[in-house]
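**Q** Chain by chain, the residues:
2 protein chains.
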Amino acid sequence: MYGMIGKMTAVEGKRDELIAILLEGTTAMPGCRSYVIARDPAGANGIWITEVWDDQASHKASLALPAVKAAITRGKPLIDTFDQSTVTEPVGGHGLPVAAGR
Amino acid sequence: MYGMIGKMTAVEGKRDELIAILLEGTTAMPGCRSYVIARDPAGANGIWITEVWDDQASHKASLALPAVKAAITRGKPLIDTFDQSTVTEPVGGHGLPVAAGR
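Protein sequence lines correspond, in order, to chains D and E.
Counting from 1, one number per residue, gives the positions in the first sequence under this note's numbering.
Counting from 1, one number per residue, gives the positions in the second sequence under this note's numbering.
Hints are computed from structural coordinates only; laboratory data are not their basis.
Keep in mind that a hint or two might mislead.
[Claimed, not checked] Simulated crosslink set (SDA-like; lysine to any residue; CA at most 20 Å straight-line):
no., chain 1, residue 1, chain 2, residue 2
1, D, Lys60, D, Leu23
2, E, Lys14, D, Glu89
3, E, Lys60, D, Pro41
4, E, Lys76, E, Glu12
5, E, Lys14, D, Gly92
6, D, Lys76, D, Gly92
7, D, Lys69, D, Phe82
8, D, Lys14, E, Glu89
9, D, Lys69, D, Ala28
10, E, Lys14, D, Val91
11, D, Lys60, E, Pro41
The shape of chain D in the complex, shown without the other chains:
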């Protein structure tokens, strides 16, 4: 599996709007086993995103999906900074069903 742990900071006051766009735009992504969007309780504008994919190719392919591309276009102006992005190699656990669309 292929994982990512990312943190971004929304433009001041735009976090909820950005989260709503992310939630709408990231449904039905083939190869996606987990995609969790979370507020950062330590900061008013921080967002954590943790992802688990079948493999790196399925993550890359998701970026070409119309709904994801639309979310990126709508969300980009609401992002102030990308603070952290870490690649991981998930090995197991809970909440990792076989991905939809396979």
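With chain D fixed as given, assemble chain E onto it according to the hints.
**A** Same frame as chain D, now just chain E:
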């Protein structure tokens, strides 16, 4: 929901053994929606753990489960350092079914 993103470093050469203990010890935790154990591709001994719980109380209660307590006892000597622990407030996404045991 209540989330955690943690990073630890296993004692040199003990990462796989520690991961196996974590995988065995963290099944059937009431209130747990997601618990993903991942290798850190950037380091030979790093482990990332990302968790989503119904609430902070369910996370706290899990630490008293016999299987979890046993895993902590067995795993502790294999942990070199806790490098990072971040609390999050998950708001949605994929891979977050209603937790088992509710």
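**Q** All hints, please: hold or fail.
**A** Now the hints, each set against the structure:
1. D:Lys60 x D:Leu23: holds, 18 Å
2. E:Lys14 x D:Glu89: holds, 17 Å
3. E:Lys60 x D:Pro41: holds, 18 Å
4. E:Lys76 x E:Glu12: holds, 14 Å
5. E:Lys14 x D:Gly92: holds, 17 Å
6. D:Lys76 x D:Gly92: Status violated; Cα separation ~32 Å.
7. D:Lys69 x D:Phe82: The hint holds at about 18 Å.
8. D:Lys14 x E:Glu89: Answer holds: Lys14 of chain D to Glu89 of chain E is near 17 Å, not above 20 Å.
9. D:Lys69 x D:Ala28: Given that 20 Å is the threshold and the Cα spacing comes to 13 Å, the pair holds.
10. E:Lys14 x D:Val91: holds, 15 Å
11. D:Lys60 x E:Pro41: Between Lys60 of chain D and Pro41 of chain E the Cα gap is close to 18 Å, so the pair holds against 20 Å.
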